[in-house]
Amino acid sequence: QQQVKQSPQSLIVQKGGISIINCAYENTAFDYFPWYQQFPGKGPALLIAIRPDVSEKKEGRFTISFNKSAKQFSLHIMDSQPGDSATYFCAAGPDYGGSQGNLIFGKGTKLSVKP
Amino acid sequence: NAGVTQTPKFRVLKTGQSMTLLCAQDMNHEYMYWYRQDPGMGLRLIHYSVGEGTTAKGEVPDGYNVSRLKKQNFLLGLESAAPSQTSVYFCATWADYGYTFGSGTRLTVV
Numbered sequence: 188q189q190q191v192k193q194s195p196q197s198l199i200v201q202k203g204g205i206s207i208i209n210c211a212y213e214n215t216a217f218d219y220f221p222w223y224q225q226f227p228g229k230g231p232a233l234l235i236a237i238r239p240d241v242s243e244k245k246e247g248r249f250t251i252s253f254n255k256s257a258k259q260f261s262l263h264i265m266d267s268q269p270g271d272s273a274t275y276f277c278a279a280g281p282d283y284g285g286s287q288g289n290l291i292f293g294k295g296t297k298l299s300v301k302p
Numbered sequence: 013n014a015g016v017t018q019t020p021k022f023r024v025l026k027t028g029q030s031m032t033l034l035c036a037q038d039m040n041h042e043y044m045y046w047y048r049q050d051p052g053m054g055l056r057l058i059h060y061s062v063g064e065g066t067t068a069k070g071e072v073p074d075g076y077n078v079s080r081l082k083k084q085n086f087l088l089g090l091e092s093a094a095p096s097q098t099s100v101y102f103c104a105t106w107a108d109y110g111y112t113f114g115s116g117t118r119l120t121v122v
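So the protein sequences, as listed, match chains A and B. Heads up: the first sequence begins at 188 in the working numbering, then just goes up one per residue. Heads up: the second sequence begins at 13 in the working numbering, then just goes up one per residue.
Certain hints may be false.
Pairs of lysine to aspartate or glutamate residues, derived as EDC-like cross-links and limited to a Cα-Cα distance of at most 20 Å, are as follows [as the list claims (entries may be wrong)]:
hint, chain 1, residue 1, chain 2, residue 2
1, A, K297, B, D50
2, A, K244, B, E71
3, A, K294, B, D50
4, A, K294, B, E42
5, A, K229, B, D50
6, A, K245, A, D266
7, A, K245, B, D108
8, A, K192, B, D38
9, B, K83, B, E42
10, A, K192, B, E71
11, A, K229, B, D38
Restraint-style ranges between C-beta atoms, simulated for each label pair [said to hold, decoys possible]:
hint, chain 1, residue 1, chain 2, residue 2, range
12, A, T215, B, T120, 33 to 43 Å
13, A, D282, B, G28, 41 to 51 Å
14, A, P269, B, R56, 39 to 49 Å
15, B, G52, A, R238, 44 to 54 Å
Treat the hints as calculated values from the structure; they're not laboratory data. We put the CB at the ideal spot given by N, CA and C, even for glycine.
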């Protein structure tokens, strides 16, 4: 069973700091890499996604960095806020992976942003 | 526009009992999924459907059955619940922009 390895399991950051979560995948055929954000008692929600034709994608304070040769990608949250406190999941799969159930999720990172 | 609605939100079952979890979507999406979420395990796919009348097995299908008789509904059944099925269950749909998840069903089997 292929895996997506996510680290760290938990992360505590001060308000205004940078939160960094890393993921590594195994299958070189994967070309879709989304991040999901989950608040307690809620379902995960798509935060941002990248495809390997670019090395970085930025949406507001959230940035995905992608290293195809290393088979790694990471989520950077700039100016972290207490409202960012949530569990974050990375995922990887073929571009059609979501439709065919082939998206593989990491085990999650619980982020706490201290005021 | 409710998106993906799951019922019930909470349930406690005794070992051996059966139940059905209902997922309803109003987005007219073809693809629907059932995931389970366990601490430290992330999200694991149980079954999915690529359209009305179709179902397929995911990573952890044993002990579960599903049906997609109508496009907007995807049912997950437990015929004989076991404590190992204690989990939070999420239904999701897929569109080009990614998954839309429901808010989950927390199931405890005692």
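- When you check the alpha-carbon spacing of A:K294 and B:D50, does it fall within 20 Å? Judged against 20 Å, a Cα distance of about 9 Å means the pair holds.
- When you check the alpha-carbon spacing of A:K245 and A:D266, does it fall within 20 Å? 14 Å, holds
- Item | Assessment of proposed distance window 41 to 51 Å (beta carbons of A:D282, B:G28) | With Cβ atoms ~43 Å apart, the hint holds.
- Task: Quickly compare the C-alpha distance for A:K192 and B:D38 to 20 Å and report which way the hint goes.
- Result: 34 Å, violated
- Range hint compliance [Cβ, A:T215 to B:T120, 33 to 43 Å]: 41 Å, holds
- Could one say that the CB atoms of A:P269 and B:R56 fall in the range 39 to 49 Å? Because 30 Å falls outside the window, the suggested range is violated.
- Item | Agreement of B:K83 and B:E42 with the hint, judged by alpha carbon distance not exceeding 20 Å | 7 Å, holds
- Task: Verify the proposed pairing of A:K297 with B:D50, using a straight-line Cα cut of 20 Å.
- Result: Holds, at about 14 Å.
- Query: Has the hinted range 44 to 54 Å been met by the Cβ atoms of B:G52 and A:R238?
  - Reply: 29 Å, violated
- Taken at face value, is the distance from the CA of B:E42 to the CA of A:K294 at most 20 Å? Measuring from Cα to Cα gives roughly 27 Å; hence the hint is violated.
- Straight-line Cα separation of A:K229 and B:D50 no greater than 20 Å? Since the Cα atoms of A:K229 and B:D50 sit roughly 14 Å apart, the hinted pair holds (cutoff 20 Å).
- Message: Against the 20 Å threshold, does the CA-CA distance of A:K192 and B:E71 hold or violate the hint?
- Response: With a Cα-Cα distance of about 17 Å, the restraint between A:K192 and B:E71 holds, given a limit of 20 Å.
Hints 2, 4, 8, 14 and 15, counting from the list given before, are not met by this structure.
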